[in-house]
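Enquirer: Top to bottom, those sequences are chains A and B.
For what it's worth, my numbering labels the leading residue of the first sequence as 36, then goes sequentially.
For what it's worth, my numbering labels the leading residue of the second sequence as 36, then goes sequentially.
Since the hints were derived computationally from the structure, they do not count as laboratory data.
Fair warning: there could be bad hints in the mix.
Note: identical chains are not told apart, hence a pair may lie in one copy or across any two.
[As the list claims (entries may be wrong)] No farther apart than 20 Å at their CA atoms in a straight line, the calculated lysine to aspartate or glutamate pairs in the EDC-like style are these:
hint, residue 1, residue 2
1, K69, E207
2, K63, D197
3, K280, E235
4, K69, D197
5, K134, E267
6, K312, E236
There are 2 protein chains.
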Amino acid sequence: MTNRIKEFIADNLPKIENELYSLVQCIKAPEQLKESMLYSLKAGGKRIRPLFVLAVCDLFQNKQQEAFTVGAAVEMIHTYSLIHDDLPSMDNDDMRRGKPTNHIVFGEALATLAGDALNTLSFGILARMENVPSNQRVELINLLSIASGAEGMVGGQVLDIDGESRQLNLPELEHVHINKTGAILRFSIESGAVLSNASEEERAALVEYAHHIGLAFQIQDDILDIVATSEELGKTAGKDEKSNKSTYPALLTLEGAKQKLEEHYHFAIEALERVEKDTSLLKEFAQYIVHRNN
Amino acid sequence: MTNRIKEFIADNLPKIENELYSLVQCIKAPEQLKESMLYSLKAGGKRIRPLFVLAVCDLFQNKQQEAFTVGAAVEMIHTYSLIHDDLPSMDNDDMRRGKPTNHIVFGEALATLAGDALNTLSFGILARMENVPSNQRVELINLLSIASGAEGMVGGQVLDIDGESRQLNLPELEHVHINKTGAILRFSIESGAVLSNASEEERAALVEYAHHIGLAFQIQDDILDIVATSEELGKTAGKDEKSNKSTYPALLTLEGAKQKLEEHYHFAIEALERVEKDTSLLKEFAQYIVHRNN
Numbered sequence: 036m037t038n039r040i041k042e043f044i045a046d047n048l049p050k051i052e053n054e055l056y057s058l059v060q061c062i063k064a065p066e067q068l069k070e071s072m073l074y075s076l077k078a079g080g081k082r083i084r085p086l087f088v089l090a091v092c093d094l095f096q097n098k099q100q101e102a103f104t105v106g107a108a109v110e111m112i113h114t115y116s117l118i119h120d121d122l123p124s125m126d127n128d129d130m131r132r133g134k135p136t137n138h139i140v141f142g143e144a145l146a147t148l149a150g151d152a153l154n155t156l157s158f159g160i161l162a163r164m165e166n167v168p169s170n171q172r173v174e175l176i177n178l179l180s181i182a183s184g185a186e187g188m189v190g191g192q193v194l195d196i197d198g199e200s201r202q203l204n205l206p207e208l209e210h211v212h213i214n215k216t217g218a219i220l221r222f223s224i225e226s227g228a229v230l231s232n233a234s235e236e237e238r239a240a241l242v243e244y245a246h247h248i249g250l251a252f253q254i255q256d257d258i259l260d261i262v263a264t265s266e267e268l269g270k271t272a273g274k275d276e277k278s279n280k281s282t283y284p285a286l287l288t289l290e291g292a293k294q295k296l297e298e299h300y301h302f303a304i305e306a307l308e309r310v311e312k313d314t315s316l317l318k319e320f321a322q323y324i325v326h327r328n329n
Numbered sequence: 036m037t038n039r040i041k042e043f044i045a046d047n048l049p050k051i052e053n054e055l056y057s058l059v060q061c062i063k064a065p066e067q068l069k070e071s072m073l074y075s076l077k078a079g080g081k082r083i084r085p086l087f088v089l090a091v092c093d094l095f096q097n098k099q100q101e102a103f104t105v106g107a108a109v110e111m112i113h114t115y116s117l118i119h120d121d122l123p124s125m126d127n128d129d130m131r132r133g134k135p136t137n138h139i140v141f142g143e144a145l146a147t148l149a150g151d152a153l154n155t156l157s158f159g160i161l162a163r164m165e166n167v168p169s170n171q172r173v174e175l176i177n178l179l180s181i182a183s184g185a186e187g188m189v190g191g192q193v194l195d196i197d198g199e200s201r202q203l204n205l206p207e208l209e210h211v212h213i214n215k216t217g218a219i220l221r222f223s224i225e226s227g228a229v230l231s232n233a234s235e236e237e238r239a240a241l242v243e244y245a246h247h248i249g250l251a252f253q254i255q256d257d258i259l260d261i262v263a264t265s266e267e268l269g270k271t272a273g274k275d276e277k278s279n280k281s282t283y284p285a286l287l288t289l290e291g292a293k294q295k296l297e298e299h300y301h302f303a304i305e306a307l308e309r310v311e312k313d314t315s316l317l318k319e320f321a322q323y324i325v326h327r328n329n
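Okay, chain A solo, but in the shape it has when bound (with noise of 0.2 Å):
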């Protein structure tokens, strides 16, 4: 990791691990189902996709305070995605970055009404977004839709569910990771453009930047389940392999998955060429993502 990339988390986690918990902390709803919803929360977590939104604002030096807002917005749709997850009808996953899943802790029940309230309090928190105009917020709203439901995250949850199953080909695997995890890092970098009132052809390119570097994230995801330990990585290691899940080293053996992930890196790096700005955060960002150990 860069020593710019350092200090831009260091100075900007605090701020958005604040505003993610003071909007559920503000809210009046059943003190146990908000310690649900703050447990996952708290339970950690790189902040990529909020650090994402707030990198592309950076590169426009927008410095508004509501790109926290829509990153906390973002977070809570990942964080309710691994909540449900994790479920015993889901993965029936047990830990998760080290500490207790959600419904070891607080029951099935209300793990399964915490996701549905942070689903829908993300909604909720981007429409009351003040300073921003009415046009924009209905515009983040309307991507974050598409983004993390039927057609986007959850499409690619049911097709991941899917390829359990079965062996995926390539590009059936690729299509599983553009909806499932692509899809909301495309939104954190896509919604830190819209704020940031970016032109059709920057839009585009920081797109294309995101498609790729959602693919380059996932692979990497796929090469540390082989690669780390379960310490390093805070949940079960070598989960995929055992479970015979389809993965990027399954289909294309682990040096054939490194080289995949150099492409997609090397075409993130190939879109940020076509903005006029200085992208060096942007691609460091890139490389922290290529290289991260857990």
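With chain A fixed as given, assemble chain B onto it according to the hints.
Expert: Same frame as chain A, now just chain B:
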């Protein structure tokens, strides 16, 4: 049911259901996910919530097509909440409206995801109502998020689960229902007022009407669980008493619950007197809710 209500329903029900189904059919998502979403949307139900959106628009002689879209959004939220409520970890219901519940047909994982996707889609379709000004769309999204999330329906569901382990008192029981079922009914009515540019006074009166109708609706639900047959209800009757659930009849006796129902019906009608328009349709609706037998 009066002839006018019958006619109003006969006129609008096909359009409501057509809008509801097309909004799902047109999305690009895995077929099994769309099937699961459509299965529960098509499982029937009285469509009371969309009918309320339309009845309020009718009051203002507002014929805009988007009332059906808002109605579809609220019916999606209602349907997702039923899918999740029926899950084994929640109410564990095998039958709903005389048909096997979603998870019985599609499995728990897909049922959870279909619910998630409907929740998310409802916000997307509100955001995409091109003929409604952005500021109105934002207002509707904000209201729906509050009504359906931790501060409304989901919060009420948490309180309801809590109430299964102990006897609630009357204010606690009211609080459950104001959130669990009342908030969404209120949204149905308030959204019609927003779409129709109602004055503040009109809107406040309609919200008060909604408050009492919501409680009346729930009390009648509790009463029907005792006096109606399973066949009439399309679900297991007498379940509340068997599960020792906190209900109005359990707290107030059956007679006391019927009296409470009449009180709320009366207050609902009274609130409508403050709207200087022909509120007869909404009055007849209140009567229909209170005297329905399923």
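Enquirer: A separate judgement is required for each hint: does it hold in the structure or not?
Expert: Here's how the hints hold up against the structure:
1. K69 with E207: between (38 Å within a copy, 19 Å between copies)
2. K63 with D197: between (39 Å within a copy, 17 Å between copies)
3. K280 with E235: So K280 and E235 fail the 20 Å test inside a copy (38 Å) and across (57 Å) alike.
4. K69 with D197: Between copies only: 14 Å across, 33 Å inside.
5. K134 with E267: This pair counts as within: shortest intra-copy Cα distance 13 Å, inter-copy 48 Å.
6. K312 with E236: For K312 and E236, the Cα distance is within 20 Å only inside one copy (12 Å; across copies 52 Å).
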